[in-house]
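There are 2 protein chains.
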Amino acid sequence: MSESQIKLYYKNATAELIGTEHGITPAQLKALAEETSPLISQLNNERKDGKTPYRDLPYSKEISQKVKGLVAELKDRCENLVVLGIGGSALGNIALQTALNPYMHNLDDTQHSSPRLFVFDNIDPVQFGLFLDWVSDRLDKTIFNVISKSGQTTETLSQFMIIRQLLLDKLGPEGLQNHVIITTDLTQGPLCKIAADAALRCLEVPQGVGGRFSVLSAVGLFGAAMCGVDIDSLLAGARDMDSRVSCEDFYKNPAAVNAAINYHFYNRGKKISVMMSYSFRLKDLADWYRQLWAESLGKAKDLTGDEVHIGPTPIKALGATDQHSQVQLYLEGPNDKLFTFLQVNNFDKKLKIGPAPDSAPELAFLAGKDLGTLLNNEKKATEYALLHCKRPCLTVVFDEVNAYTVGQFIYLYEVTTSFAGALFKIDTYNQPAVKFVREAIPALEGKSGCDEMGRKCEELAQQIQSLTKIDGDFLV
Amino acid sequence: MSESQIKLYYKNATAELIGTEHGITPAQLKALAEETSPLISQLNNERKDGKTPYRDLPYSKEISQKVKGLVAELKDRCENLVVLGIGGSALGNIALQTALNPYMHNLDDTQHSSPRLFVFDNIDPVQFGLFLDWVSDRLDKTIFNVISKSGQTTETLSQFMIIRQLLLDKLGPEGLQNHVIITTDLTQGPLCKIAADAALRCLEVPQGVGGRFSVLSAVGLFGAAMCGVDIDSLLAGARDMDSRVSCEDFYKNPAAVNAAINYHFYNRGKKISVMMSYSFRLKDLADWYRQLWAESLGKAKDLTGDEVHIGPTPIKALGATDQHSQVQLYLEGPNDKLFTFLQVNNFDKKLKIGPAPDSAPELAFLAGKDLGTLLNNEKKATEYALLHCKRPCLTVVFDEVNAYTVGQFIYLYEVTTSFAGALFKIDTYNQPAVKFVREAIPALEGKSGCDEMGRKCEELAQQIQSLTKIDGDFLV
Numbered sequence: 183m184s185e186s187q188i189k190l191y192y193k194n195a196t197a198e199l200i201g202t203e204h205g206i207t208p209a210q211l212k213a214l215a216e217e218t219s220p221l222i223s224q225l226n227n228e229r230k231d232g233k234t235p236y237r238d239l240p241y242s243k244e245i246s247q248k249v250k251g252l253v254a255e256l257k258d259r260c261e262n263l264v265v266l267g268i269g270g271s272a273l274g275n276i277a278l279q280t281a282l283n284p285y286m287h288n289l290d291d292t293q294h295s296s297p298r299l300f301v302f303d304n305i306d307p308v309q310f311g312l313f314l315d316w317v318s319d320r321l322d323k324t325i326f327n328v329i330s331k332s333g334q335t336t337e338t339l340s341q342f343m344i345i346r347q348l349l350l351d352k353l354g355p356e357g358l359q360n361h362v363i364i365t366t367d368l369t370q371g372p373l374c375k376i377a378a379d380a381a382l383r384c385l386e387v388p389q390g391v392g393g394r395f396s397v398l399s400a401v402g403l404f405g406a407a408m409c410g411v412d413i414d415s416l417l418a419g420a421r422d423m424d425s426r427v428s429c430e431d432f433y434k435n436p437a438a439v440n441a442a443i444n445y446h447f448y449n450r451g452k453k454i455s456v457m458m459s460y461s462f463r464l465k466d467l468a469d470w471y472r473q474l475w476a477e478s479l480g481k482a483k484d485l486t487g488d489e490v491h492i493g494p495t496p497i498k499a500l501g502a503t504d505q506h507s508q509v510q511l512y513l514e515g516p517n518d519k520l521f522t523f524l525q526v527n528n529f530d531k532k533l534k535i536g537p538a539p540d541s542a543p544e545l546a547f548l549a550g551k552d553l554g555t556l557l558n559n560e561k562k563a564t565e566y567a568l569l570h571c572k573r574p575c576l577t578v579v580f581d582e583v584n585a586y587t588v589g590q591f592i593y594l595y596e597v598t599t600s601f602a603g604a605l606f607k608i609d610t611y612n613q614p615a616v617k618f619v620r621e622a623i624p625a626l627e628g629k630s631g632c633d634e635m636g637r638k639c640e641e642l643a644q645q646i647q648s649l650t651k652i653d654g655d656f657l658v
Numbered sequence: 183m184s185e186s187q188i189k190l191y192y193k194n195a196t197a198e199l200i201g202t203e204h205g206i207t208p209a210q211l212k213a214l215a216e217e218t219s220p221l222i223s224q225l226n227n228e229r230k231d232g233k234t235p236y237r238d239l240p241y242s243k244e245i246s247q248k249v250k251g252l253v254a255e256l257k258d259r260c261e262n263l264v265v266l267g268i269g270g271s272a273l274g275n276i277a278l279q280t281a282l283n284p285y286m287h288n289l290d291d292t293q294h295s296s297p298r299l300f301v302f303d304n305i306d307p308v309q310f311g312l313f314l315d316w317v318s319d320r321l322d323k324t325i326f327n328v329i330s331k332s333g334q335t336t337e338t339l340s341q342f343m344i345i346r347q348l349l350l351d352k353l354g355p356e357g358l359q360n361h362v363i364i365t366t367d368l369t370q371g372p373l374c375k376i377a378a379d380a381a382l383r384c385l386e387v388p389q390g391v392g393g394r395f396s397v398l399s400a401v402g403l404f405g406a407a408m409c410g411v412d413i414d415s416l417l418a419g420a421r422d423m424d425s426r427v428s429c430e431d432f433y434k435n436p437a438a439v440n441a442a443i444n445y446h447f448y449n450r451g452k453k454i455s456v457m458m459s460y461s462f463r464l465k466d467l468a469d470w471y472r473q474l475w476a477e478s479l480g481k482a483k484d485l486t487g488d489e490v491h492i493g494p495t496p497i498k499a500l501g502a503t504d505q506h507s508q509v510q511l512y513l514e515g516p517n518d519k520l521f522t523f524l525q526v527n528n529f530d531k532k533l534k535i536g537p538a539p540d541s542a543p544e545l546a547f548l549a550g551k552d553l554g555t556l557l558n559n560e561k562k563a564t565e566y567a568l569l570h571c572k573r574p575c576l577t578v579v580f581d582e583v584n585a586y587t588v589g590q591f592i593y594l595y596e597v598t599t600s601f602a603g604a605l606f607k608i609d610t611y612n613q614p615a616v617k618f619v620r621e622a623i624p625a626l627e628g629k630s631g632c633d634e635m636g637r638k639c640e641e642l643a644q645q646i647q648s649l650t651k652i653d654g655d656f657l658v
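If you read the protein sequences in the order shown, they are chains A and B. Heads up: the first sequence is residues 183 to 658, going by our numbering. Heads up: the second sequence is residues 183 to 658, going by our numbering.
A few of these clues could be false.
Any copy will do: because identical chains look the same in the list, a pair fits if it lies in one copy or spans two.
Unchecked claim - In the BS3-like style, the derived pairs of lysine-lysine whose C-alpha atoms are separated by at most 25 Å in a straight line are:
hint: 1; residue 1: Lys-434; residue 2: Lys-638
hint: 2; residue 1: Lys-352; residue 2: Lys-248
hint: 3; residue 1: Lys-651; residue 2: Lys-638
hint: 4; residue 1: Lys-212; residue 2: Lys-534
hint: 5; residue 1: Lys-551; residue 2: Lys-375
hint: 6; residue 1: Lys-483; residue 2: Lys-434
hint: 7; residue 1: Lys-629; residue 2: Lys-483
hint: 8; residue 1: Lys-212; residue 2: Lys-233
hint: 9; residue 1: Lys-248; residue 2: Lys-483
hint: 10; residue 1: Lys-551; residue 2: Lys-629
hint: 11; residue 1: Lys-230; residue 2: Lys-243
hint: 12; residue 1: Lys-572; residue 2: Lys-243
Hint data in this document are derived by calculation from the structure and do not stem from the laboratory.
Pulled out of the complex, with its shape left as it was, chain A reads as follows (with noise of 0.2 Å):
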């Protein structure tokens, strides 16, 4: 493969760096080495016995295909694209988009033909209700891709159903059918008979793939193709990544090595996991990242039942920004953290800094620099920083962001949150407290009935209200 690969660099997380108190020893890396190594023929047995269907998507034929013969078809009247999502429907749209077109991208339309993305993640009535009076005049010109696995998330159906009413008062029936795009399982689910019953065009988020592993699927795939990014490079980054993390040499493999070192001082007592990207191009893979880390490894029990209460905290941070922000705490604050910086050695665009004033010659040592060195110089002087106070460090290292090795970046932590949860001996893939969170909605949103299910709804809401009200007591 003669195309850039993305590099994971350990070395400032070794004691020969920080020191054997805060640092991997080479004894403790031998003993990580041969914890993980049984579980890399595990995963890819695991793979091959259908149980991680996520790690085959890159391969799909047909998914692109799909993908591809519906943006041809859509492309030339969609000016706006409008994402209907929550969690795992939203965070890879954002990521990719933020990656892979233009910051101005919105604003700009003079410079792309693509059509503007916007992603609602949120119910928030001002925000969606503002965007609600801007797209109304441009329906005609607007596509709204509703994403939904299970065909019954409470926050996306309800946009839906303002969208959908919005629609039909504007356009009638053919409008709800021109200009809505349905993303669900396809065999179960009110969105999937929604879908059919209006013959709406529909993708489907594959079996088996759970929403944080969605993002190369039509999930992720058809808003990127939509804005102009070339997801066949975005999916032989991901196969490229994907020889990698199958290497059954734990050295050689970036997933096992990565996820040793996360469960390693996750144990020692660095319980919060610091993402920190010094581009602003990948600022959002780290909010990506965020969902993937927390939900698939922070969980009560582990695979024998056993209460164990785990998980780190992931953290997306940016650099500079954040050493105006956050790395005073990082760096004099509790010795609790494990940073991961993203770094990208050739920017897309070169900036030259101006003269200096004359009247500030103090300045001259910026005067004709490169804006993208001194990015690069500020990262390398708070990872100095970092490791004189003895704060482990790993990088990303991206020669540069493209789809290729943006690709590669997400089946990197995909599979290498597969072998984290393996070592933590958790259940990666399901999310069991939030079912709890979301079957709490419909009783509180008054869903109710004489039946035994109707009575346990109005009793469920009001012990919650009376929880959750806020009174004059402990009211400042």
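Go by the hints and put chain B onto chain A.
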């Protein structure tokens, strides 16, 4: 005062709700009151002695008149206001914009006569370069507000040196004078000299007010006023809160209670502080808080010089969005977090969910419901689940979001931070480690010379380069 006041609600952090292992017992609250009460008069005295000048910003007629005068002068010829700043020079501006201007402000200029606002708090060459391409054709209608308290922030000065050259090239020396506003300490620093030499318009960062406490000075007020925010009401809200947070009765002082509760939980292993806004408009106030809290409280040494390495790690989160990203971890992971919800009782916009399609009668419970009520029910459901899992929760309640309540919030958290610093017995107002990073940059950018300082720079640069060099070992 007839206008509404924000309130802090803390019952759901007490043992009554979540048990004695994780909640505050009445005895503990009493002890906290005893420990914190003397600090109220201590802080009030420090203020009288001029040690915390940020406390008096809301009373300065001079600042608001200067700001309003400048706005009146510039507003008609400004379609784009570009803030160049980082950390405390940016986060307040961003927070005020998100809270108090419409969501589509920048994209939809048919709805208002205020300028678009862009805040650049980074030096990413791709992001900034693409913006420059766009703004270069619009310089005659653009104002750049360059904000740096020290007048020598590397990132901001680098941006300014690029913009300065662009303006000189395109519009000449008059262009510089007409399109740049400098906000800085007027007594020192390169920016102040540059401004004097080139006769640029200036605003002041008041003496003794650190960046993260400066949003209610010209730093935040100018951008807000330019974009149409009612700064009188913002300041009036802050004054309203001032009367409450100066109150010597602990139980009636929301800043004292807030700080004491945060202090309590930090000392009992809940070292992560999550601020989760259930309002899009308030989300960037959580980001502003993230700097205020981290930089003020993350300290290696206490006031006696002992090494303590303390500091809660603040996290910003957004409801309902993060229910599908972080809440699984929050509920089932380690019980190491204190949650602070931001809740809005009355949203500015009502949005009704449409009818359920015939094919999906199971959605009928949502039909016709109000989206804001649903969002608040999502908060209740999440809080209920957290309480069930014995996780402590606070809520800051806004009757509505407007300049008056936002002013209260800012002042509440500034003073809460002062109380927390006093409880932790640290210097709340310095940031020694940030300076450590800052000094490494000139070295890496090749500031050198044959004097002692030049040699030191070269030595430091070599040391950093060798530590942070990414080579073959440990690269996978």
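Verification of the hints:
1. Lys-434 / Lys-638: Answer is neither; intra-copy 54 Å and inter-copy 39 Å both fail.
2. Lys-352 / Lys-248: The answer is neither: 29 Å in one copy and 49 Å across copies each exceed 25 Å.
3. Lys-651 / Lys-638: Within one copy, since 20 Å is at most 25 Å while 61 Å is not.
4. Lys-212 / Lys-534: neither (46 Å within a copy, 59 Å between copies)
5. Lys-551 / Lys-375: Between copies only: 22 Å across, 59 Å inside.
6. Lys-483 / Lys-434: For Lys-483 and Lys-434, the Cα distance exceeds 25 Å both inside one copy (31 Å) and across copies (42 Å).
7. Lys-629 / Lys-483: Answer is neither; intra-copy 31 Å and inter-copy 55 Å both fail.
8. Lys-212 / Lys-233: neither (29 Å within a copy, 54 Å between copies)
9. Lys-248 / Lys-483: Classified as neither: same-chain Cα gap 39 Å, cross-chain 60 Å, threshold 25 Å.
10. Lys-551 / Lys-629: between (63 Å within a copy, 11 Å between copies)
11. Lys-230 / Lys-243: Within one copy, since 19 Å is at most 25 Å while 72 Å is not.
12. Lys-572 / Lys-243: neither (47 Å within a copy, 48 Å between copies)
Checked against the numbered hints listed earlier, the structure breaks hints 1, 2, 4, 6, 7, 8, 9, 12; every other hint is satisfied.
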